[in-house]
Amino acid sequence: MSIAVSAVVRPSRLLLLLSGSMSLVVFSIGALIAANLLGELDLLWRLILGIVCMTLASWASLSTIQSRKTHHIDISGHGQIRLAEYEGSAALSAPAVIGDGIVVSVVSLAADSTLWPGLLVLRLQTDDQRIIVLPVLPDSVEAGGFRPLALACRWIAAHNHPTTQTHDAEKSPDD
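In our numbering, the protein residues as written are 1 to 175.
Where hints are given, some of them may not hold.
FRET-style restraints, in silico, Cβ to Cβ [unchecked claim]:
{"#": "1", "residue 1": "Leu37", "residue 2": "Asp128", "range": "45 to 55 Å"}
{"#": "2", "residue 1": "Ser28", "residue 2": "Gln80", "range": "40 to 50 Å"}
{"#": "3", "residue 1": "Glu142", "residue 2": "Ala111", "range": "22 to 32 Å"}
{"#": "4", "residue 1": "Ala4", "residue 2": "Leu38", "range": "53 to 63 Å"}
{"#": "5", "residue 1": "Ile131", "residue 2": "Val25", "range": "25 to 35 Å"}
Bear in mind the hints are in silico, worked out from the structure with no lab data behind them. The beta carbon of each residue, even a glycine, is placed where N, CA and C say it ideally should be.
Produce the complete structure using the sequences and hints provided.
Here's what the structure looks like:
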């Protein structure tokens with residue numbers, strides 16, 4: 001069985017909508033606290049807590065928008081992963097020429113990656129031990145591209161990080 005897969009992973013609109021909604025809720029809670037419509041606090045603590053909530057919500061929104069990048073992931077037949085990182089969320093159908101703000105790395109799938117049927121959170125480790133977290137939702141890849149990518153990642157996880165088992169050959173005769 002060949003697990004060779006190639007996919008362009010664009011920033012998920014659903015993930016952007018969910019994180020934006022969460023930031024809006026936290027910002028609204030901060031505004032309600034600052035306006036003394038939520039809770040019973042002194043003026044100073046009310047303003048501090050409200051401003052902190054609104055600042056964190058704004059920072060989270062901006063960092064989410066700024067960190068949106070398009071990735072091209074290639075998984076070879078024997079499980080090697082090559083990752084190309086593009087600036088912005090440009091629509092790419094094939095890998096572009098290396099050099100125009102494109103970083104290509106050979107990475108390995110970390111054991112703590114999340115591989116669920118509707119969500120992949122790929123923690124990819126580069127040779128210099130840097131971790132790249134790549135969230136992949138079904139709307140991040142082309143139609144029909146999510147399942148092959150998920151199967152290839154599961155295959156790699158099963159072969160790179162097998163569960164520890166006690167083999168009969170390792171047992172001593174006294175056991």
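Exercise for review: Kindly confirm whether 22 to 32 Å is satisfied by the beta carbon distance between Glu142 and Ala111.
Suggested key: holds, 28 Å
Check your understanding: Cβ-Cβ distance between Ser28 and Gln80: within 40 to 50 Å?
Key -> holds, 46 Å
Practice item. Could you say whether the range 25 to 35 Å given as a hint is met by the Cβ separation of Ile131 and Val25? Key: With a Cβ separation near 29 Å, Ile131 and Val25 satisfy 25 to 35 Å, so the hint holds.
**Study point:** Assessment of proposed distance window 45 to 55 Å (beta carbons of Leu37, Asp128)
**Key:** Hint holds: Cβ distance 50 Å, inside 45 to 55 Å.
Practice item. Note whether the CB distance of Ala4 and Leu38 lies within 53 to 63 Å or breaks it. Key: holds, 54 Å
The earlier numbered hints are all upheld by this structure, with none contradicted.
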